[in-house]
Structure formats: C-alpha cells, structure tokens
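Colleague: Next come the chains, spelled out residue by residue.
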Amino acid sequence: MKKVFVKAAKIAASVFAVTFAAYITNADMKLVERLYDALIKYHDSRHVEEKL
Amino acid sequence: MAYDPKTGKGLGRFYDADHRAFKFREWKGLKDTLYDYGRWMYLYCFMAAKLGPYAPQMVKGMLRYRWLVPYLTAANMVDRHTIGQRGKELQYSHKQFFSVLHHSVIKVKEIMQRDANLNGNSKKAEALRNNTVMFDEMTPSLIMMGFPTLDWIDIAMMSVGMPSEVDQNSCVYYIDAIEHFGLAPDVCPEPATECGVAVTDDYPRVGKCYVTSSMPCDGAVQQTALMTRYLKGVDIFQITPPQRINEPEVQEYAVKNLKKAIKFIEDEMGVKWDWDAFWKNAEMYNQMAECMIEKWDVNATDYPQVCGAALALQREFEFMGAACMDKYMLKTDLEVTKMMHKGYEHDSKLGVNKPKYRCIVWACPAHYYTNFANWADLCWGVRCVNDMEAMLSYLPITIGDKEQALKDLARCYERMMMRSHTNGGYVNLLDELWKMCDRFNVNIVIMYDHVSCRNVGGLHGLFEDEARKRGIHLIWVPHDVMDPRTVSRREMRDAFNKYMINVFREEPLDPTLLDYEDNLSW
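Quick mapping for you: the protein sequence lines, in order, are chains A and B. Sequential numbering from 1 applies to the first sequence in my numbering. Sequential numbering from 1 applies to the second sequence in my numbering.
Among these hints, one or two may not hold up.
Unchecked claim - Distance condition first, Cα-Cα at most 16 Å in a straight line; then the derived EDC-like pairs of lysine to aspartate or glutamate: (1) A:51 x B:179; (2) A:30 x B:16; (3) B:23 x A:28; (4) B:435 x B:297; (5) A:51 x B:297; (6) B:9 x B:515; (7) A:30 x B:18; (8) A:51 x B:201.
Hints in this document: simulated from the structure, not taken from any laboratory.
Work out the full structure: start from the sequences and follow the hints.
Modeller: Structure, rendered in structure tokens:
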C-alpha cells in the first residue's frame with residue numbers, strides 16, 4: 001500500500017513539475033505559435049474564390 | 001505592483017516584438033502563481049474533455065475554417081487579461097473569463113457536432129442541424145427562452161466576434177477578401193468581416209433557419225443584405241427593434257415584431273412556444289441582471305471590485321452570446337458577486353485598493369484590444385469602473401404576465417449591444433454618458449474613437465463641447481474595431497499616453513508599459 005502511495009506521489013510530482021515548467025516558460029503558447037503559423041500558412045496557400 | 005524600480009523590470013518585458021506568444025509567464029508570488037497555474041490546467045483539461053471526443057472534426061475544422069485557428073490561443077487571451085493582477089482581482093478575472101471560454105468551448109463543440117462541411121452525410125449531424133436555429137452576432141438569442149427543445153448557434157459570434165477578441169489579426173484576411181470583392185474600405189470592419197466570411201464561404205452550416213436583426217448603421221444594413229444572398233435555401237427572419245426606444249408609442253410595434261419572430265421559429269422548426277420554459281429562463285435572466293446591477297453598485301463606490309474587461313466582456317457574452325441561459329454563467333455570477341461583496345468589505349474597512357484615477361469606457365471598443373483598460377490601469381493607474389459594453393438591458397422581465405413579459409423581452413432587444421448607445425441617437429449616446437459619469441463618480445472617459453463609425457463620429461464635436469462644460473476629461477483613443485492595420489494597439493496606447501503626460505502631467509506607474517511593440521501578438 002505504501003509503495004503504491006509513494007509511486008502515485010512520484011507520478012503526481014513529475015506531472016506537476018513538467019506542467020508547471022510548461023506553464024511558467026509559456027511553452028504551451030510557444031508551441032501553439034508554431035502550429036498557428038503553420039495553419040495560417042496553409043490557409044494562405046489555398047485558393048479561395050470570393051463569390052456569393 | 002508588478003514594476004520594480006530597483007531593477008527596472010516591469011510588465012513590458014513579457015512582450016516579444018518577433019513572436020506572438022509572451023516570452024514567459026509572470027511570477028505573481030507563490031499563492032497567486034499557483035492559483036493562476038491551477039486555472040491554466042483547468043482550462044486545458046476542460047477543453048480536452050469537451051473537444052477531445054471531436055478531435056477528427058477539430059482537425060478538419062482547423063483546415064477548413066481559418067477563423068477556428070485563433071481558438072488555439074485561448075490560454076493567451078486569459079494571460080492578456082490577468083497580467084499584473086494579484087489576489088482577488090486575479091480571481092475575479094479568471095472566473096469571469098473562464099465562464100466566457102466555457103460557453104465558447106461548448107458552442108465550438110456544437111458546431112463540430114453538426115456542421116455539414118465537417119460531417120459529410122452523417123444522419124446524426126443532419127438531425128442536429130434540423131433542430132438548430134442560427135443567429136447573427138448582433139442579435140441576442142433571448143427569444144429562444146421559449147423554445148426549450150431547440151438548439152441555437154450564433155454563427156457570426158463564433159466565427160467573427162469571439163476570434164476577433166482572442167487574436168487581433170483574425171479578421172484581416174476576411175476584410176481583404178470582401179474589399180477585393182468590391183466593398184468600400186471605409187465600411188466598419190465588423191460587418192465587413194462578417195461579409196468576408198460569407199464570400200469566402202467560411203460560415204459553418206449548422207442550422208435550419210437564420211435570425212438576424214436590423215442594426216441601424218450603413219455597415220450592418222449591407223451585411224444583412226449580403227447574408228441574405230449568401231444563405232441560399234435558408235429562411236431568414238429579421239428582428240427589427242424600433243430605433244426611438246425611449247418613446248412608449250413604439251413598444252406596441254416592437255412586441256408585434258417579436259410575435260412574428262416567434263411565429264417564424266414555430267413554423268420553421270415545427271415546435272410551439274413554451275411559456276413554462278420561458279418563465280424559468282426569464283427567472284435566470286433576472287438573476288443575472290441582478291448580479292450585474294450589484295457589480296455596478298459596488299463599482300460606483302470608492303472601492304470598485306470587478307473592473308475592466310472582466311466586467312464588460314463577460315456581460316457581453318452572457319447577454320449576446322448565451323442569451324442569459326447558460327447555467328454555468330449564472331453560477332459564476334453568483335460566486336463572483338459573493339466574492340466581490342467580501343472584497344468590498346475588506347477594502348472599505350481597511351481603506352485600501354482605492355484606484356488612483358477612475359474612468360468609464362464609452363463608445364464602440366476595439367475588438368482587437370480588449371485588454372486596453374487593463375493596460376491603462378497597470379501603466380497609469382486609471383481604473384475602468386464601467387464600460388458601455390456592459391450596459392446592456394438590465395431591467396427585469398416580468399414573470400407571470402404574458403403581454404408585459406413580451407414588452408420586457410422587446411426592451412431587451414432594444415437595448416442590446418451597439419443598438420441602445422452607439423446607434424441610439426443623441427439622448428442615449430451623449431446624454432447618457434454624463435449620467436453615467438455622475439453615477440460612477442468619474443471625471444475621465446476613455447472615449448473610443450472608432451474611425452469607421454459614422455454614428456459616433458457625427459457627435460464628436462458635441463461630446464467635446466459638453467465634456468468641456470462639465471470638466472470631464474475625454475481621452476479619445478482611435479481604433480478600427482477589427483482591423484489593427486488602420487490603428488495599431490501601439491498607436492492606441494500612444495494617444496492615451498500623450499493625454500496623461502501632457503494634460504495630467506503624470507508619470508507612468510510602470511514605464512516599461514509606455515511603449516512596446518505588439519503588432520504580431522495575439
């Protein structure tokens with residue numbers, strides 16, 4: 001039981017460490033920026049005819 | 001305060017001229033940083049839980065719709081509006097903004113579930129579409145209070161309104177498209193963008209019929225005409241609230257028009273108006289309006305609590321987008337109101353957190369700079385205690401009296417966003433401002449000077465004359481609503497800086513916020 005608890009605590013601490021590092025360095029938005037730029041580039045490359 | 005005079009480090013250091021994202025997130029002290037981190041995690045978990053099951057449609061949607069891409073930056077929107085905030089102010093903002101994002105995520109999910117462009121021949125999606133009414137951005141879906149079995153989606157709010165507030169560059173492509181199509185470039189970018197989305201065929205196909213309104217301005221009139229041509233095969237009803245809203249003679253017409261709208265939805269969707277559901281929803285509307293009034297009452301004191309965009313944007317989406325029928329928004333309203341009273345008691349007892357300057361925001365704001373009031377507070381100590389965008393209809397709907405309730409509902413449409421003030425004529429736009437200055441005890445007005453709006457532009461000189469008579473500082477801040485190329489965020493800040501330096505002879509609280517480049521940022 002104690003082993004399971006220690007393992008769970010280790011996992012929780014690792015998840016916290018990784019997610020907090022991503023949070024404080026704004027890594028999520030930096031990644032989104034790359035994705036955003038790629039998607040906008042893709043949309044710019046599409047030929048869209050303006051019509052009604 | 002976030003600025004450290006010893007090190008010279010301030011909030012301006014987070015902006016990066018070469019990137020869209022902030023350089024890093026702010027350390028707000030242990031307690032507030034952990035709170036901010038917790039909310040950040042919660043937002044991502046919520047988005048994953050709601051949109052995860054629709055991952056294939058989301059991927060297809062990102063490739064099909066350009067306006068869907070900015071939704072990826074939701075966490076950045078929260079950061080923009082919470083930067084520099086601490087303690088209860090941070091908590092108010094997080095709760096208010098999360099309720100807006102909560103509603104938007106649910107609506108994006110509903111679009112993914114039923115959009116004909118993303119779901120091909122799915123029978124399930126078709127059945128959902130046949131049970132959905134589409135709305136225009138400037139038409140609150142309050143009328144759906146009496147149709148509990150139907151769904152509704154504000155297609156323009158989701159593809160134009162919300163993205164424009166999340167990402168400053170989201171509308172530029174659509175504005176260029178409609179101007180290339182032939183629309184004059186001096187038209188308000190808001191209806192222009194809506195038309196741009198139409199001519200590039202970028203609206204989701206999510207409903208059976210479409211309800212719009214008649215905003216009395218040139219841009220909105222052409223937008224409605226163009227949408228009518230675009231939505232071929234979809235029946236359209238235009239709710240046309242009277243313009244002279246203060247005159248009792250017009251109310252009979254307003255109710256007649258609403259009855260026709262109800263009949264239209266009944267006929268189109270094959271359902272009947274349900275008074276029991278209406279009373280229940282009207283009760284919810286009244287509770288939300290009551291919470292709004294309580295926020296105003298507290299903000300009229302020396303110790304305002306829920307200020308700036310946290311007050312205005314939440315009310316805008318609650319009323320216009322969610323039609324006051326979102327239970328989560330009501331829950332948030334009740335929680336924030338309780339927290340606010342506690343915060344007020346604390347501040348007034350200790351005599352702390354009195355703003356250096358008090359202001360209200362008037363006229364149509366820049367969608368691409370929703371955190372302008374936050375910046376004014378952080379840079380100059382000018383706190384926005386109310387915003388015209390929050391001053392939507394707040395009078396209660398009478399429960400139990402059918403005719404009176406419809407009159408009250410019509411009044412809600414008459415006092416929806418942009419209609420009652422910017423398009424409401426001299427009395428509602430000009431005279432109302434001085435009443436609000438008295439009510440909220442302010443002598444500064446951040447006067448948004450929307451360069452493409454003829455309605456407000458026509459009263460420019462009168463505003464100046466009347467403000468001078470009353471000793472009120474009108475700080476004109478030019479902008480172009482959804483097109484940051486005409487007037488950038490930096491130029492908006494510059495206009496405000498000049499007034500504070502030259503007229504007030506003030507020193508900025510955070511000099512790093514005086515001038516920085518953020519043209520690229522979301």
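Colleague: Decide, hint by hint, whether the structure agrees.
Modeller: Tested hints:
Only pairs whose Cα atoms come within 16 Å are accepted, and residue 51 (chain A) paired with residue 179 (chain B) is accepted, the gap being roughly 12 Å. Between residue 30 (chain A) and residue 16 (chain B), the direct Cα distance comes to roughly 12 Å. Compliance with the 16 Å bound is thereby established for this hinted pair. Our distance criterion of 16 Å between C-alpha atoms is met by residue 23 (chain B) and residue 28 (chain A), whose separation comes to about 11 Å. Annotation: proposed proximity of residue 435 (chain B) to residue 297 (chain B) holds, straight-line Cα distance about 14 Å (limit 16 Å).
Only pairs whose Cα atoms come within 16 Å are accepted, and residue 51 (chain A) paired with residue 297 (chain B) is rejected, the gap being roughly 50 Å. Restraint check for residue 9 (chain B) and residue 515 (chain B): satisfied, since their Cα atoms lie roughly 14 Å apart, inside the 16 Å limit. Straight-line distance between C-alpha atoms of residue 30 (chain A) and residue 18 (chain B) comes to about 12 Å, which keeps the hinted pair within the 16 Å bound. For the hint pairing residue 51 (chain A) with residue 201 (chain B), the CA-to-CA distance comes to about 8 Å; that is within 16 Å, so the pair holds.
In summary, the one numbered hint that this structure violates is 5.
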